[in-house]
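Top line first, the protein sequences correspond to chains R and E.
In terms of the numbering used here, the first sequence has 62 at position 62, counting the first letter as 1, and numbering is strictly consecutive.
In terms of the numbering used here, the second sequence has 60 at position 60, counting the first letter as 1, and numbering is strictly consecutive.
The set of hints was computed from the structure by calculation and includes no laboratory data.
Being a predicted model, the structure only gives us computed values, none of them experimental.
Some clues are possibly wrong.
Which copy is meant is left open, so a pair is good if it fits within one copy or across any two.
Unchecked claim - Cut-off 16 Å, straight-line C-alpha distance, at most; resulting in silico cross-link-like pairs (EDC-like, lysine to aspartate or glutamate): (1) K342 / E18; (2) K155 / E253; (3) K210 / E303; (4) K106 / E253; (5) K197 / E217; (6) K86 / E281; (7) K172 / E201; (8) K210 / E256; (9) K338 / D310.
2 protein chains.
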Amino acid sequence: MNDAIRMTIDEVFDTTKELLLVQGFSENHANAIANTVTAAERDECRHHGLFRISFYVNSLLAGHASGTAEPTISDLAPGVIRIDAKRGFSPLALERGYAPLIERAKSQGVAVLAINNALSVSALWPETERLAEEGLCSFAFVSAAPYVAPAGGTKPLFGTNPMAFSWPRPGKYPLVFDQAASASARGEIQIRLRDGKPLEEGWAIGPDGKPTTDPREALAGAQLPFGGVKGSSIALMVELLAGPLVGDKLSFESGEDDKAGTGAPCGGELIIAIDPARCVEGGDRAAQLAHGELLFSAILEQEGTRLPSDRRYQARERTAEEGVMVPRSLYENLQSLKSGVKKINLQAYEGDHVLAKQSA
Amino acid sequence: MNDAIRMTIDEVFDTTKELLLVQGFSENHANAIANTVTAAERDECRHHGLFRISFYVNSLLAGHASGTAEPTISDLAPGVIRIDAKRGFSPLALERGYAPLIERAKSQGVAVLAINNALSVSALWPETERLAEEGLCSFAFVSAAPYVAPAGGTKPLFGTNPMAFSWPRPGKYPLVFDQAASASARGEIQIRLRDGKPLEEGWAIGPDGKPTTDPREALAGAQLPFGGVKGSSIALMVELLAGPLVGDKLSFESGEDDKAGTGAPCGGELIIAIDPARCVEGGDRAAQLAHGELLFSAILEQEGTRLPSDRRYQARERTAEEGVMVPRSLYENLQSLKSGVKKINLQAYEGDHVLAKQSA
């Protein structure tokens with residue numbers, strides 16, 4: 001059962017797009033989601049790749065997501081663009097937002113994109129990388145289902161609440177980091193439950209509020225923020241930015257909204273884009289970027305360091321040649337979805353309840 | 001020698017302003033710095049209060065800082081204001097920046113303030129709190145002298161690189177956090193050296209790159225980021241925002257620039273201010289802030305939690321009644337500076353070299 005099928009990057013895209021169309025997504029959504037899933041597989045971010053297809057399809061079948069809603073765009077201020085995703089998944093909303101956000105960031109110096117009512121199950125590095133390719137420095141913030149206790153507390157309240165940041169590099173892939181405010185990914189806890197392995201210390205507390213390394217206790221209790229109080233502050237900031245600031249849900253409200261238990265939170269996302277060339281007298285972007293390179297060189301001079309995203313970019317080079325390896329069970333599930341079967345193979349689904357069922 | 005003198009908040013301000021004038025600061029700078037020092041004492045952030053006066057005066061006497069430079073302001077884009085502090089301390093530059101930044105954030109929805117050539121030895125919460133009092137959500141980023149190794153590395157490169165964030169609260173002090181990207185404050189390591197106490201694990205590495213709990217080894221080696229790789233990413237982000245983005249120094253360049261070893265880095269600061277009411281359709285600020293309060297209530301319902309800054313605000317209420325206790329040696333040093341003595345009492349100075357001397 002551990003064997004795997006090799007797929008080329010093009011096959012990943014074609015399979016994903018076709019099955020999404022068959023399952024009822026519109027051409028626009030199928031295309032945008034397939035691009036996002038393919039980018040994740042290409043960079044070997046497998047949690048956000050083909051494994052995620054179950055979230056997309058489950059949410060559609062459960063009536064939690066729209067597969068056809070066309071995002072609408074509005075101008076809230078010279079520096080603020082809003083996109084209403086209307087309960088569609090975020091990739092199409094983002095695709096519609098790039099051009100106006102980039103235009104505003106360059107004309108105003110700084111601009112924000114407020115996305116509402118979007119289902120988010122993808123990573124944040126694609127949008128920040130895209131903005132950096134346009135020469136912009138950018139941030140992205142999104143909240144999630146409530147899994148993480150605030151520092152000092154004992155109950156889940158915050159989402160894993162990732163934030164991403166990007167900085168352009170001349171002639172190179174941009175510098176990007178995309179990191180959860182939780183000490184570990186939730187998927188990693190689920191995988192350790194499946195594999196019967198303990199967690200690292202500091203990742204979680206049990207339902208009694210006490211530290212635990214037992215994955216089952218952790219999933220029934222709460223994850224912890226990274227870095228204690230400071231990581232908890234970051235999680236709190238992300239809640240405010242992706243929620244009240246853009247007039248959208250807090251993580252616990254997204255959890256309540258997900259009545260079908262799909263694990264795909266519906267809520268807001270905030271993106272901030274800044275044009276470096278508008279932040280200095282005379283605007284010499286090349287000099288600013290060269291200055292960034294000086295910092296990166298000084299980091300890499302130290303043995304044992306690497307830049308955020310370097311592993312992703314190495315994977316990208318490799319998978320362009322070699323394709324990606326997909327577990328046979330997942331591959332077969334994709335084929336089944338493509339043939340029109342309107343049912344998720346639960347073995348391929350990462351959600352807590354499924355893993356809990358497997359391990360019960 | 002451990003006795004202390006009680007000073008009222010007004011006395012802190014008057015003493016500070018007078019001694020700064022006597023030492024050669026202009027009326028404008030003396031006033032702005034005295035406000036900043038007084039706010040820190042009032043909130044019992046003693047590292048940034050009267051103890052810091054040695055940094056201000058030392059830097060002036062060493063010719064590292066200007067005590068009289070008038071900051072100049074320029075418009076770089078509809079959403080970008082620049083202030084050149086001309087090697088003056090940051091409080092006056094900030095004071096000049098608030099009005100235009102607030103006006104732009106409200107008219108554009110989002111705006112940034114890029115500060116250049118400012119000496120920064122104060123905290124970042126005063127500026128973010130001030131912006132939140134105007135109903136804005138804000139971020140501030142500043143780099144510092146190079147003390148912190150990148151994750152995986154062994155040599156100091158990043159500053160302790162604080163970032164601050166604020167969110168307005170109706171009828172209450174704003175929610176503000178202001179936290180270094182290092183695992184501990186440098187001052188805390190210095191204090192443990194003085195007191196002969198070990199450090200916590202994970203704070204630092206020695207000159208050999210190995211973990212240490214010895215304060216002397218730590219000061220000769222490097223501090224570590226909080227939260228491992230994720231905190232290191234935050235430190236890297238702050239370096240880029242306060243340096244290349246605004247066309248100013250990286251931490252290691254600020255270190256090289258500080259030829260007199262004053263410990264007061266000269267460089268950039270970036271502030272981002274967003275008007276929540278411009279980020280939602282219809283702009284109902286009251287509803288957005290009420291939504292934030294819902295989150296804060298949910299946090300505080302959990303026993304063991306508190307909101308960032310709550311301790312500062314409690315101190316603020318207390319010191320308004322009781323004043324602050326100032327160590328006699330520091331108090332006497334302040335009186336001596338006020339009487340015109342142009343020499344720092346090194347016993348009151350926190351810099352590494354002084355503590356190293358004390359403990360040698």
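These are the hints, each one checked on the structure:
1. When the C-alpha separation of K342 and E18 is checked against a cutoff of 16 Å, the pair qualifies only within one copy, where the shortest distance is 14 Å, while the shortest distance between copies is 78 Å.
2. When the C-alpha separation of K155 and E253 is checked against a cutoff of 16 Å, the pair qualifies only within one copy, where the shortest distance is 15 Å, while the shortest distance between copies is 44 Å.
3. Proximity of K210 to E303 under the C-alpha cut-off of 16 Å is restricted to the inter-copy arrangement: shortest distance 13 Å between copies versus 38 Å within a copy.
4. For a Cα distance limit of 16 Å, the shortest separation of K106 from E253 qualifies neither inside one copy, at 35 Å, nor across copies, at 29 Å.
5. Only within a single protomer do K197 and E217 lie at most 16 Å apart by alpha-carbon distance; the minimum there is 13 Å, versus 37 Å between protomers.
6. For the identical chains of this complex, K86 and E281 are inter-copy neighbours only, at 14 Å across copies versus 41 Å inside a copy, given an alpha-carbon limit of 16 Å.
7. In this assembly of identical chains, the alpha carbons of K172 and E201 never lie at most 16 Å apart, being 37 Å within a copy and 37 Å across copies at closest.
8. Taking CA atoms no more than 16 Å apart as the test, K210 paired with E256 passes in neither setting, with 25 Å inside one copy and 47 Å between copies.
9. When the C-alpha separation of K338 and D310 is checked against a cutoff of 16 Å, the pair qualifies neither within a copy, at 34 Å, nor between copies, at 55 Å.
Comparing the model with each earlier hint shows violations of hints 4, 7, 8, 9; every other hint is respected.
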